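A.B. asks: In case you want the letters, here they are:
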Amino acid sequence: MAAADGVHDLGGMEDFGPVIVEPTEPVFHAGWEGRVFAIGGILSVQGLTSTNDVRHAIERMDPAHYLGSPYFEHWLTAFATLLVERGVLTRAQLEARSGGPFPLSRPSRAPRWKGAVSRRARFTAGDRVRVVEAYWRGHTRCPRYVRGKRGVVDRCDGAFALPDADVDGAHPPLEPTYSVHFDAAELRGRDAEPGTAVSVGLWDSYLEPA
Amino acid sequence: MSESDHHHPTPPSPVEARAAALEALLAEKGLVSGEFIEAIVGAYVNDIGPMNGAKVVARAWVDGNYRQRLLADGTAAIAELEFGGPEGEHMVVVENTSEVHNVIVCTLCSCYPWPVLGLPPDWYKSPPYRARMVREPRKLLAEMGVDVPQSVRIQVWDSSAEIRYLVLPQRPQGSEGMSEERLAGLVTRDAMIGVARP
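Residue numbers (this note's numbering), protein chains in the order written: chain A, 1 to 210; chain B, 1 to 198.
Extracted from the complex, chain A is given alone in its bound form (with noise of 0.2 Å):
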């Protein structure tokens, strides 16, 4: 399975069942919880971390460890995986500290990122869009559930470091990004509910004219 199939592209998946909502539910469940939240910004801030390295660190979880855990955890898990990987802390130290297993992310499999990286913006509002078929094994936002879909930009957005080649402080340079507008028929054929679209933010590179 590449990354971009992972666990974490959720969209558009069945049987989850329902949406359990806590009526009075606190910010965080437990101190761990507001501790791992704080030393994420103090990370980032540090440039020890950075937003696309954390969300591939936590999509190259083991899938069950991903759906069995819970959010924070997630964090957790992303940032001991980046510093083990960029020589800070060991997981020797790690697993001595915490008297037990720490689990970490898998390994990336992500090449070199080789694709170009779009500057100018190709699309305008009304235009009609296809979303590439393009199979990343590294770090995309591009979910799949809109891969190979037609939809009309809705709005452009500015330019971003495009996430698929902003990994290990790359520092790509900025690609244009688009909201784009899908009729849920496109999206799920004679199984869409009526009167109902979803806008997907979308990077330049992850479109084609239609």
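If you're looking for bench data, these hints aren't it; they were derived computationally from the structure. All figures in this text were calculated on a predicted structure; none of them were measured in a lab. One or more hints might be untrue.
[To be verified] Below 20 Å or equal to it, Euclidean Cα-Cα: the simulated SDA-like pairs (lysine to any residue) are:
(1) 29(B) / 40(A)
(2) 125(B) / 24(A)
(3) 29(B) / 92(A)
(4) 149(A) / 119(A)
(5) 55(B) / 179(B)
(6) 29(B) / 48(A)
(7) 125(B) / 65(A)
(8) 125(B) / 92(A)
(9) 139(B) / 183(A)
(10) 149(A) / 123(A)
(11) 125(B) / 63(A)
(12) 29(B) / 37(A)
Go by the hints and put chain B onto chain A.
C.D. replies: Just chain B now, with coordinates in the frame of chain A:
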């Protein structure tokens, strides 16, 4: 040593022990401090939450010019009320009307407008919500307590790139003449995500 090492009558759970180990090792390297951690936690527990977004919505309900600025440039109009910061740098506000009902999701992770709504609730980050909101929004909204009539379109916004969304709900009937402050009290977090009505 973190707080959690001191006040525990029972041994810490494995994940608690792992979190404490990471913090302790980073503290020994001088990379994090307990004081800084507690300041960040305090800010998100006490100051950064849906009460901020509620003020934005109430202002838009009473001030038509502000509403127009909010819909034209969400980030700038929200900054007028002095809200901004991480996960709020690029805001788009989407307005519910008698023709369209908007709802927010992040199918790939948990992107959410922190400065106006705080940190997301667990259900927003859960697989069922992320999987189903882009597949069967009308059914899921009904399950969560919002029956959207067939005559009203449903527009789902998947925050997969850098934009963060806030839903501007419809002002409730019977709220004419209420003060801005009282109106803010009617606005719930879930209404600003689009899974409830105020």
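A.B. asks: Among the hints numbered above, which are violated by the structure, and what are their numbers in rising order?
C.D. replies: Checked against the structure, the hints that fail are numbers 4 and 8, while the rest are satisfied.
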